[in-house]
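A.B. asks: Residue strings, one per chain:
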Amino acid sequence: MAHEGIGARVPRKEDRRFITGQGNYTDDIPVKNAAYAEFVRSPHAHARIVRVDTSAALAAPGVIGVLTGAELADDKVGGLICGWMIHSKDGSPMKAAPYAALARDVVRYVGNAVAVVVAETKNQARDAAELVQVEYEGLPAVVDPAKAQAPGAPQVHAEAPGNTIYQWALGDKGAVDRAFTGAAHVVDLDLINNRLVPNAIEPRAATAIYDRAEGRFTLYTTSQNPHVARLVLSAFIGIAPEHKLRVIAPDVGGGFGSKIFIYPEETVCLWAARRLGVSVRWAADRRESFLTDAHGRDHVTRAEMAFDAGHKIVGLRVKTIANLGAYMSTFSSSVPTYLYATLLSGQYDISAIYAEVDAVYTNTTPVDAYRGAGRPEATYVVERLMDIAAGRLGVDAAEIRRKNFIRSFPHQTPVIMNYDTGDYEASLDAALGAARYAEFPVRRREASTRGKLRGIGLACYIEACGIAPSQAVGSLGAGVGLWESAEVRVNPVGTIEVLTGSHSHGQGHETTFAQLVAERFGVPIDQVSIVHGDTDKVQFGMGTYGSRSGAVGMSAINKALERVAAKAKRIAAHLMEAAESDVELKGGEFVVVGTDKKIAFGNVALAAYTAHNLPPGTEPGLKEGAFYDPQNFTFPAGTYVCEVEVDPKTGEVDIVQFTAADDFGTIINPMIVEGQVHGGLAQGIGQALLEGCRYDTDSGQLVTATFMDYAMPRASDLVSFDVSTTVTPCKTNPLGIKGCGEAGAIGSPAAVINAIANALGVERIDMPASAQRVWEAARAHRAPVAAE
Amino acid sequence: MAQINVKVNGRAVSRQVEDRTLLVEFLRETLGLTGTHVGCDTGQCGACVVHLDGRAVKSCTMMAAQASGAEITTIEGLAKGDELHPMQVAFHQHHALQCGFCTPGMIMTAVDLLKRIPHPDEATIRANLDGNLCRCTGYHNIVKAIAAAAQSGASA
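The listed protein sequences derive, respectively, from chains A and B. Residue numbers for the first sequence follow our numbering, beginning at 1 and rising by one. Residue numbers for the second sequence follow our numbering, beginning at 789 and rising by one.
Rather than coming from a laboratory, the hints here were simulated on the basis of the structure. For glycine and all other residues, C-beta sits at the position ideal for the given N, C-alpha and C. Fair warning: there could be bad hints in the mix.
[Unchecked claim] Derived coverage of chain B by chain A (criterion: at least 3 residues anywhere in the stretch with Cβ under 8 Å from a Cβ of chain A; other residues may be distant):
hint : region
1    : 823-834
2    : 890-896
3    : 929-940
[Claimed, not checked] Under the rule of at most 16 Å between Cα atoms (straight-line distance), these lysine to aspartate or glutamate pairs were calculated in the EDC-like manner:
hint : chain 1 : residue 1 : chain 2 : residue 2
4    : A       : K122      : B       : E817
5    : A       : K147      : A       : D696
6    : A       : K122      : B       : D829
7    : A       : K173      : A       : E356
8    : A       : K319      : A       : D190
9    : A       : K122      : B       : D807
10   : A       : K122      : B       : E813
11   : A       : K13       : A       : E510
12   : A       : K569      : A       : E589
13   : A       : K559      : A       : E497
14   : B       : K795      : B       : E864
15   : A       : K122      : B       : E806
16   : A       : K559      : A       : D629
17   : A       : K312      : A       : E399
18   : A       : K598      : A       : E577
19   : A       : K312      : A       : D396
20   : A       : K32       : B       : E817
21   : A       : K319      : A       : D188
In isolation and in its complexed conformation, chain A is listed as follows (with noise of 0.2 Å):
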């Protein structure tokens, strides 16, 4: 047999029904006799509902019911929530306003749901829409974050005076004070972090099917956590008790952090089947996608870095406005602290840092986790900082980094992180190496005369994944618990189910956890089946992002496989007449060491469930299941070097070189870590130079609303990524995982952006780095040269 466990770069088992066309997404599942839901939405950014009128969309042809927020509260449903509760440094709770599924009164942003019309067909739906008539008083809006905090700014809930939600802080600022009264240099720089809209390429859908005889209802959902979401529906917003609400996320066509979240849209579905007594599906549209998927990132920070005379860091000083949009988001509120501020000491040994968040509500689209989640936002900050300093400080980009390096391990920050292990030199020599950093001038040398500007940039990043201990993250205001759980059924004829509470949607797990038996148990992964997705199939779970599903979900199965490896063991003992200490499993079966006594695995299971020869006192079956909290974080980091061209006549920016050498601990399946470091990249890449998100400062219109107008990464704009790893495995989980999910995302931008600024000679570009941006950044910087 090939070898398929861990380290084997074995294609797909999922693959077949998506190349296909048999995947099963959301709004593929046919379901009988279901209706169409259409939503009405808010043209404006910020406005008094007036008055609602539905009678002439309730005449329509094939119009069931058209619902708003009035019925919704008077049917007391309960609002979204934001499940982590910060405090402001006084002390003080998040300010959190009510954040409706339909809404009543105000509307808040551009996209925010009015009412929802639901009709026998998609068209009827939709035609029907477009008769409710809404009567607005148009409210001042406000959509800049820089700007929301400002006296006399408007005001977009009551609950939040000067639009603040929390004013937080971390670390020691006197230390920090005093680090940099005596600091030989201090760098500094103001910075915007641009907000992003994720873009699955799947649109949102939910489904939702009421059972009157049972009182019993099912949710078919575009979600990367069916169980959280189950919770949620159940627990604050009141649809069913959790028995009586089945959520299944079949095929999830990506979700990068947009599909974590509880939304306003399933919500009404399930409220509008049993209202309406009838199965309703909703699917997004691509402008839907746009003004209501959470956006990500969107920060404005001034940084600064203090070093002393040797160029080592002694301190570092960050004021963050993070922009949380109009209502809070499920995990909205620990992006900007708790995944970001903990980051701020990147791979550096920094003795005293302290950064202060201000967390603001705008006229905008809700804000949370996207691919990264606060932590690109740490390395863009940390790593922009050092290129900016080699490049004050007259010293090479590289090596001022491996000045300040951490090289002993653990590593307790003074931000809260504990790193476990890691070799940062390693992954920045591999690097280096790959990309050349060496012969860079000759490079350089060679494209100026093409009358190109070539320019190089180190981003050395770290991030914290594996989330997370639920302890830890419970003190620190977490609402859940952030363990998982796993099943695995050894059937009778020795084929494996592992059932768990991760879900797939793109990372492969089918073909990665199928691998961790295979290495186990020694039996082919086409013998090995993973079933996720559905809480009446699995009991509990907490689902997939923040590059958890590896460190986390599989170290919950690498335990439930472990004590199904005992039981099996006990019962081959017992079979072979031998110790049970004698016993021992290789390749498949169990053997008793230095005899010619063997058992298949696949005996073992069926002995189990006959039951007719077990050990005194065993149970039949073969059955077990674990749930697994991790005791730290995981730290995955690495070094990216981008290489751009630039054309000073046209502003025109050519990545010519990409290289990334990432630190991943143990990796189970090369080829999936390769892609998902690739699907990274371009992400993180899209952002540097393409992605902007852009609201009309007056209006708070969304401008970027469609693919013709927010640029998504093409493959034209992409080159292919040269892609390595170094390993220091994790020692805090069983299998040595850290997690690769996010690292393409993550560092990125600080590479790109740091190889532009190297090629014009300029400290600051913003992103997205357009054409138009560089181009004027290079005609300003070169303007007194041609003035000669």
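Starting from the structure of chain A, add chain B where the hints point.
C.D. replies: Below, chain B alone, put in the same frame as chain A:
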């Protein structure tokens, strides 16, 4: 109502549909061929690409009535029974898909590309994928898969 007579994946079908029915709606809702996806409904993402009389078209920007009389191949009709098309094999072997949502359109576009340009270089492959968005793979392995399929003579 419009009368639609088409041949889909080798089978003749006749249906009456509302005049405004898009080809993609006809395939997905009327015929239940849900392998063809809708990612943007504005002709930008390419998740809905099918072959119409042998040419790649975006089925979200065409009326079903316009397709009447044509022969249509969707992702479901690409393999010959259990034997996968070489492009499907290449996508599988080179890990050219993750969530799988853009994959049907991507494969139909790639097959069309090699039919027009049997031996494209990397830049040509990338330029010809500009009508198809993928958010998962960074296109790296899609490009690799198409190049490999071209090598193995998948255009034939």
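A.B. asks: Take the hints in turn and mark each one as holding or not.
C.D. replies: Going through the hints against the structure:
no.	hint	verdict
1	823-834	holds (count 10)
2	890-896	holds (count 4)
3	929-940	holds (count 4)
4	A:K122 / B:E817	11 Å, holds
5	A:K147 / A:D696	14 Å, holds
6	A:K122 / B:D829	14 Å, holds
7	A:K173 / A:E356	10 Å, holds
8	A:K319 / A:D190	10 Å, holds
9	A:K122 / B:D807	14 Å, holds
10	A:K122 / B:E813	10 Å, holds
11	A:K13 / A:E510	6 Å, holds
12	A:K569 / A:E589	10 Å, holds
13	A:K559 / A:E497	15 Å, holds
14	B:K795 / B:E864	13 Å, holds
15	A:K122 / B:E806	12 Å, holds
16	A:K559 / A:D629	11 Å, holds
17	A:K312 / A:E399	11 Å, holds
18	A:K598 / A:E577	11 Å, holds
19	A:K312 / A:D396	14 Å, holds
20	A:K32 / B:E817	12 Å, holds
21	A:K319 / A:D188	11 Å, holds
In terms of the numbered hints stated before, the structure departs from none.
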